[in-house]
Amino acid sequence: MSNSEQTSEHLHPHAHAKHHHGSAALYVRTLVALLILTAITVGASYIDFGAGNVVIALFIATIKATIVALFFMHLRWDKPVNAVIACAGFLFLGIFLMFDFIDFGSRDGLRPVNWDGKLPIETVAPATSGAAPAAEKK
Amino acid sequence: MENAIKSQTRIADRPRPKINYLNATHGIWSWMSTVDHKRIGVMYLVGVLGAFFVGGMFALLVRLTLLTHDHMLFGRLLLTADAYNRVFTLHGVIMVFLFIIPSVPAALGNFVLPLMLGAKDVAFPRLNLASFYLWCTGAILAVVGMIFGAIDTGWTFYTPYSTTTNGTVTLMTMAVFILGFSSIFTGINFVATVHKLRAPGMGWFDMPLFVWGIYSTAIIQVLATPVLGITVVLLMLERVFSIGIFDPKLGGDPVLFQHFFWFYSHPAVYIMILPGMAIISELIPTFSRKTMFGYRAVAYSSVSLALLSFIVWGHHMFVAGQSQLATVIFSALTFLVAIPSGVKMFNWLGTMYKGNISLETPMLYAISFLLLFAIGGLTGIFLGTLSVDVHLTDTYFVVAHFHYVMMGGTVIAFIGGIHYWWPKMTGRMYSEKWGRIACTLIFIGFNMTFLTQFILGSRGMPRRYYNYLEQYQPLHAFSTVGSWVIGLGMFMTAAYLLASLRKPMDAPDNPWGGTTLEWTTSSPPIEHNFEEQPVLTKAPYDYRPETVAH
Amino acid sequence: MEQQFDTSKIGMWLFLATEVLLFGGLFVGFGLMQARYPQEFIEAHEHLQRPLGALNTVVLLISSFTMVMGVLSAQRGDKKKVVMFLVLTILCACIFLGVKYFEYSHKFEEGLLPPRWYHAQSTDTVRDAAGNVSHGYGTFFAFYFMMTGLHGIHILVGIFLLSWIAVRAHRGEFSKAYYTPVDLVGLYWHLVDLIWIYLFPLFYLIK
Amino acid sequence: MEWLRAWMLPPQGSDFAAEVDTVYMWLFWLSVVLFLGIAYAAIYFSWRYRYKPGRVTPHQTHNTMLEIVWSAGPLLLCVGIFFWGLNGWMKYSVAPGESMEIQITAKKWLWSFEYPDGTRTANEIHVKLNKPVRFVMTSEDVLHDFFVPDMRVKADIVPGRYTEVWFTPTVLGVHHVTCAEYCGKGHSDMQAKLVVDNEADFAKFMETGGTEWEDYKTKPAEWGKLQYERKGCSTCHSIDGSLTKGGGPSWKGIWGKMETLNNGQQVLVDEPYVRESMMVPAAKIVKGYEPIMPTFQGLLRETEIQGLEAFIKSLGNDPNGGPPAPTVLALPPPKPKDQAQAQ
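Chains as they are written, first to last, in our numbering: chain S, 1 to 138; chain C, 1 to 550; chain D, 1 to 207; chain V, 1 to 343.
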């Protein structure tokens, strides 16, 4: 495998030519697609889909990101290893996000108990330290 | 036993080349500006051993303070509570961030990995040097932080203690941030090197297992360390600007910090142990003169440990206030780690079975590793078991457990690796006799120090305690005496290794009969590693007479 | 040459993966804090100027386009066009930062700041009995400043790198056979764009 | 093997302890067996196959069956251990409904405990034998951890949140409470005493109102001020002359005043009147106020009533609520600490 990688130059004297996949026309089309998607997502933000808001916005963002990665970043034509690395970055971010949401999502309550929408923090835990930030005293 | 070097498989020595990587150029500047992976590896080795010395001194001081119940020695108070907190924090920070994480990959890995692959250098030599200088910068910042007040947060920097305490927390976290990027650069370098610079004929499953281990480590370094970076940045911002992410007084969540911290720091445990296992996977076949049993299983177990390490971090937080659902999931996933660890252990033993085993110093370290890592791994099962963990977590049991893995595992393997590659790095043999004595001392001292701490922990002695109940006094004293034995062994090791440098070069190219590519070049290697591009014709660890003769 | 180009690319992609996780940490924090303070985050995001955010999105997308055209010109060895497209990219980056400057100064004037300094309370509804506003509003802006700030730093670094590449291109250091730096900086620049593609809806659009 | 358990683990003080210890000891023996197996193999092989020049080693590359066996074997074992641990932990996670609830507030470096009736103690808790007790905990500054080795329970105490832990004490006497999450200089000194009482001793302890009263015996007005804040008096009564949302009369300067009631009678604000107003608030309502105050009969102890009176008295003399007026209290001196020792 590495053997073929290392010697590819000798096997394909015009190997560098294979990077010439894009064309100005294709990039213009890509840009137009991205701008249209931007318009759609901005437009959609004025309509209330309830819980769907986040899903729609992130779904469109993911389509846009994929387009950028595939065409502007050449992943469509690139060696698969680069795409694997890119996906790994997002995959492990996904793991990080997922487990944190498992924890947060299954806790009893998320709001700090000393600020439950009724009591300022000072009432419950009085005079803890002199370094209490100014924000509390507003 | 004095017939130290059994050389039936040693290849015939060529005349030693006059010019090698050590004397190719001269002067300090030629070292400081070098992009040679071997020199960078050596500089890293010197650096991390310096950090190991400082961290070790702090460790001895911690143990000495706990020797007596009133912390008095010869009528003088050793450390106040404040000083004690600073000392154990510095011990942790230095050992974790400055020593263990860069130890095997950046020092030995840098030196050996390109040689094993038959490459001239790593993929990005200048990035490699940059990584070293980042390490230096981090080290300097840490030293400056130590001088201007140090920190007393524990190496885990838990909020809100770390955001409210005095001391140079901001400076220290800055150092950690920079050290993180040093580690990332090393990781990027190694992944690219393994992908692109393998010798002709070397497929993925022809790579030495050390390379597999370092490659798995590099994956973790690349994917986990950035989260450490952002975590310490958030901590610094919280301290300086009170942004309210972790500080409950401003609506933040302290447990969130622990998620961020352990998302890096659990994989970091595998940044530490995987390279240790990788070294053992070299030592055992070499000194058993037998092919690696279950090569693919060991290679896959390295990668799967790397991946598993990302999904078990919550086991540090079973009692920290994470939800019960998360706790159960993390506990279940944690047990999965036992399988690849076990696979490695059994395959190492399988390799020794029917081998032709000689017990030179590196092999003694390898066998010490097997025993100590077995204890470290088995006590991990206690801590993964939910009901038992509630009692044991945050006690000395945990301290003992991770020292068995980090020190009994990684450090023992690291020292074994230094002995194994010392002839290659320096061109000199060390005293085999003193090597065996020191190894025995370290093994005995280690068990004295930390076996007792399991008992202290299960009896209910919490960690990071300055004052302790009088009932724990005898065990603490025993543990402290053990730490002196380790110290003695370590100083002995330093002494005979340094002494060997005063001799003329006497090491053969392949003193141990190793089968990987680094043994085919001269000791020490020439500047560009190999006279001519090596081509791999047989798999590593092939000890069949017909192929050895080849 | 091919070998080195591929190696550099792997290295760059690995670096980009670390960038994804670096920003990712902040995304995770933002997500969790939004789960904690849903009402506050919805109200707080109304303070952001959606048209300016949309404008910046368009500017960055165009800059990505000019960047990729620069890479294409480099592949074809068209030195003049490389320089032109790089300069255009830098121009877009400056516009982006200019708009950000206006947005930031607006936030500072209104007191839309992290919890410790947050003092724009007029329309905030989540309060305690004494009328103190929830910390959640400030938390939103803490993340707003951290994430757009880190992104802004990346833009600044990008401007620096683009200028460096433009100068080298002008000197004629690149050719059909060797244009690796242009390609790598291009990848970096697209990632900066890609991150903004997520930042924009998260901060400006999500109700 | 009981001696071994007793050597490695603390005394068993709760019903968790037996369960945890069983798992612990089982894991211990499992580890011993596995360790000896590994050590035996490593050392035996090193001796049995020690180096002999010229010996040719077999070329054993792998054995798929073996790999499967030594992957699946540990996996099954681990699944079993996981469920065993989970089983014990589930009990630990859910407190029974009838538990007595004690609130813990931890701060650097002090434990405060509060009982359902408002009794407070510092660094000492009394609980009833064989009755489940549930602790609801929060911190005022940094992370702490409530660890009772004898009970085999431990839980972090997180500022801004409540965390819980429970157990049923099964052994009379004093047990050790210790902080297990690093909290700074005094971390290792952050200790408390957990006293398991029988019914009678516990009742005696509760009557006296905990240990806090001891500290305030000489400063009744300050004790009263604490009760003013804790018992909810402050919701309706200000101490600076202003009118609160609750709408009760301010306590500033009220002691010794002649008030006109809504039936036209006059009344002197003195000790009997104040006491009556707490116990039967509707009996005498001052003109201009609504009869909205709830009774505090049964909610206030004698010590607390007297403390409140001393506090009101101190406000009468000094508009700024300065040093309390000298008051002589004739109280039966409570001695909770002695009783604790009597255990």
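Since the hints were derived computationally from the structure, they do not count as laboratory data.
The beta-carbon is built from N, C-alpha and C at its ideal position, and this holds for glycine as well.
A portion of the hints provided could be inaccurate.
[To be verified] Subject to a maximum C-alpha distance of 30 Å in a straight line, what follows is the list of computed DSS-like cross-link-like pairs (lysine-lysine):
no.	chain 1	residue 1	chain 2	residue 2
1	V	Lys52	C	Lys433
2	S	Lys79	D	Lys79
3	C	Lys120	S	Lys79
4	S	Lys79	D	Lys176
5	V	Lys52	C	Lys354
6	D	Lys176	C	Lys120
7	S	Lys79	C	Lys538
8	D	Lys81	S	Lys79
9	C	Lys538	V	Lys52
[Unchecked claim] Quick list of simulated restraints, FRET-style, between CB atoms:
no.	chain 1	residue 1	chain 2	residue 2	range
10	V	Ser234	D	Val157	33 to 41 Å
11	S	Phe90	D	Gln39	47 to 55 Å
12	C	Thr440	V	His59	43 to 51 Å
13	C	Arg76	V	Leu76	41 to 49 Å
14	C	Arg16	V	Asn63	35 to 43 Å
15	C	Thr68	V	Trp7	49 to 57 Å
With the threshold set at 30 Å, check whether the alpha-carbon distance from V/Lys52 to C/Lys354 stays at or below it. 12 Å, holds
Between D/Lys81 and S/Lys79, does the CA-CA distance stay at or below 30 Å? 27 Å, holds
Are C/Thr440 and V/His59 spaced within 43 to 51 Å by their CB atoms? Given about 33 Å between the Cβ atoms, the range is violated.
Note whether the CB distance of V/Ser234 and D/Val157 lies within 33 to 41 Å or breaks it. Given about 56 Å between the Cβ atoms, the range is violated.
Would the pair S/Lys79 and D/Lys79 pass a check requiring their Cα atoms to be no farther apart than 30 Å? This hinted pair holds, its Cα atoms lying about 26 Å apart.
Does the hinted range 35 to 43 Å hold for C/Arg16 and V/Asn63 at CB? 42 Å, holds
Satisfaction of hint between S/Lys79 and C/Lys120, Cα-Cα up to 30 Å: 24 Å, holds
Starting from the hint 47 to 55 Å, judge whether the C-beta atoms of S/Phe90 and D/Gln39 obey it. 30 Å, violated
For C/Lys538 and V/Lys52, compute the direct alpha-carbon distance and say whether it is at most 30 Å. 25 Å, holds
Range hint 41 to 49 Å (beta carbons of C/Arg76 and V/Leu76) holds or violated: 56 Å, violated
Holds or violated: S/Lys79 with D/Lys176, Cα cutoff 30 Å? 19 Å, holds
Do the alpha carbons of S/Lys79 and C/Lys538 lie within 30 Å of each other, as the hint requires? With Cα atoms ~28 Å apart, S/Lys79 and C/Lys538 stay inside 30 Å; holds.
In this structure, the earlier hints numbered 10, 11, 12, 13, 15 are contradicted, and the remaining ones agree with it.
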